[in-house]
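Colleague: Start from the sequences and build out the full structure, keeping to the hints where you can.
Take a look at the letters that make up each chain.
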Amino acid sequence: MARRLRIRGLTALASATMAALLSVSPAGATHHGEGIIDTVSVLITYQAATAVGASDQLAARLQLDDGSPLTAVEVSFWREVDFLGPRRIFVGAATTDASGTARVAIGTAATTLRITADFVGDEHYLPAQATRDIELPPSANQPDGDSAAEQGGSANLAVFATAMPLLLALAAFSVWLLMFGLTARTVLAIRRGRPATSTAKGERS
Amino acid sequence: MVEQRTGSPPTAQQELHSAALRPVVDAGRRFWLLFIGLGLVALAGAGAYGLQLVAGGLSVTGYNDQVFWGSYEATLVAFIGFSYGGALVSAVLRLTNAPWRGPITRIAEVSALATLLVGALFPIIHLGHPERIWLLFVQPNFQSPIFWDMVAILTYMLATLVLLTLPLIPDAAALRDHPRLGRWHRRLYGVLSLGWTGTEQQRRSLERALTVVAILIVPLAVVVHTVLSYTFSLTSRPGWHSTIFGPYFVIGAVYSGVAVVILAALAYRRAYGLQRWIDDKTIKKLAFVMVALGAAYGYATFSEITTEGFVGKEAEVELLYGLLLERFAPLFWSFIGLGLLAPIALIAFRRTRTPAGIALAAGLVIVAMYLKRILIVVPPLSRPVIGGDVGAYLPSPVEIAIVSGAAAGVVLIMLFLFRFLPVMAVDEMVEIEREQAEALASRGRTPAPQPISVSGAPDG
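Protein chains in written order, with our numbering: chain A, 410 to 614; chain B, 259 to 718.
Since the hints were made in silico from the structure, they are not lab data. Backbone N, C-alpha and C define an ideal beta-carbon position, used for all residues, glycine too. You may find that some hints are simply not true.
According to the in silico footprint, chain A covers these stretches of chain B (three or more CB under 8 Å from chain A) [stated by the list, open to error]:
1. 394-407
2. 411-418
3. 448-462
4. 469-482
Simulated DEER-style distance windows between Cβ atoms [as the list claims (entries may be wrong)]:
5. 601/A to 288/B: 42 to 52 Å
6. 311/B to 464/A: 52 to 62 Å
7. 466/B to 514/A: 58 to 68 Å
Modeller: In structure tokens:
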């Protein structure tokens, strides 16, 4: 019984660990090439600055199946945004240290971030990628909560992305309307034109 | 009956009317020979396009995995550019009330419309499935520059059409009773004149509308060419992704467009003996405008190359090396020599600043600017971004036939339109003459009794 409980506990622990290890690249795992010996998982974390002047940091830990860290490989960090369609903004790239962790500094006024960490793979390891939504904890560098910037760079971008095509469409429509209106008005004015009278400019002289 | 405007003797006005109608009533044998010749070239182009449609789409072109854009895109940019120059010449000269604009505005407007109508076909010609073009309307992708390209081009086309049509109203009224016009033409001019009698009210309405359209067409043309440049610069490809591309395209467009107007004006004045109205002074002023734009384009080219070369990013340096010293160097230096230096030199020296010299300069600008558009499109594509072989591109006979057919089509449309429309804006010319006479009179000077078209001295 105790043994069964211990196995169940270990299974639960393993599940929790796997859940924390976000999005092990399944696509990569199915494409074993010659010389590739291991798959890699990526865990993204965010660390708010603890002192004024320090940077908020994004970190990605790369580890192999057996839990050992993957060192000295480059990881790219991307911010996923909706700006005139889904897009990626490059945040930075860093090399993993002895603990398998790569860190980049990030400065943002947004309150939520969707971050992707990308390891492109090499001759020994398959590519791996993880994406994580991060609610930003209070940072020593964060504004006080009242500023427009804090109320959402992302939200502003989304509004801009929606409003921009609408504004452009409105501008184009206005020009068309103006052209048609102007032409129609001129044609009507000419059609209605008075016959030449003594006030007509042409007969003044 | 149209009022007899004052300021010019009636005989001069009649001479002007007859001259403006020469291509309409007296096309001549050479006109028909040219028309048939160009028609055959255009037919060959249409046939080549038919072949492209039935024989596997773009596989009959020189396009490949690396260089997936080529002559069709260069032609699109070039022809829309030619159009821009024509419309801008007409609009800006009208807005600035330049007195020498009268004889050339109609030619500028018709060349703008003709090049635009043909140029706008090229995004469709590039499509493997042109029948899907309607998806642009029913399933628009608002985030694509192609969609906004279409919106901008259609809007600009409408404005160009209005800019051409409105000044035709008084001309049609003035010319509808011309004794040499046939019944059909009289009927057409009667409809076009919309009952114009030349009253103050009518003239004011027309002036107001033309001013608004002229004001509108300037930013519209800038938008059209900027959006066209975005098709390239909104990609991350080295050589295309450049902040200067918007203004660079706009300057290039006006530069080549003015060259087209010069060439068209010279061709018409020679073919129909219009030297008295489209005089040397007018052509020289246009030539100076062209040279100024050429200098601006040269500056933009220098700035673009220097900025990229100085920073020296790997991909861009590779591109520049190919452009300036290696694969594309003969084409690039041909453009610099023939498209920038030679035209400036031809117009700078009094000895070569003749109608023939200016025609040569304009011709060189047109050819070299087409070459430049090829250089904008092809070299950045030939360098692979994500590995693979360096691409090569040579236009196929099908592409050459289609592009040649399109060029012939532009001239055909101009010839066709001038079989119906007066080649000069006669009412505007009379008005300018009258305004100048009034201005002189108000300053207490007696206007010289000159015929219409100010200088009046035939050249040549």
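Colleague: None of the hints should be skipped; say for each whether it holds.
Modeller: Verification of the hints:
1. 394-407: Holds, because 3 residues of the segment 394-407 of chain B bring their Cβ atoms closer than 8 Å to Cβ atoms of chain A.
2. 411-418: Three-residue rule met by the segment 411-418 of chain B, so holds; n is 3.
3. 448-462: holds (count 10)
4. 469-482: It holds, with 4 qualifying residues against the three required.
5. 601/A to 288/B: 42 to 52 Å: Check passed, 44 Å falls within 42 to 52 Å.
6. 311/B to 464/A: 52 to 62 Å: With a Cβ separation near 58 Å, residue 311/B and residue 464/A satisfy 52 to 62 Å, so the hint holds.
7. 466/B to 514/A: 58 to 68 Å: Distance hint for residue 466/B, residue 514/A holds at roughly 59 Å.
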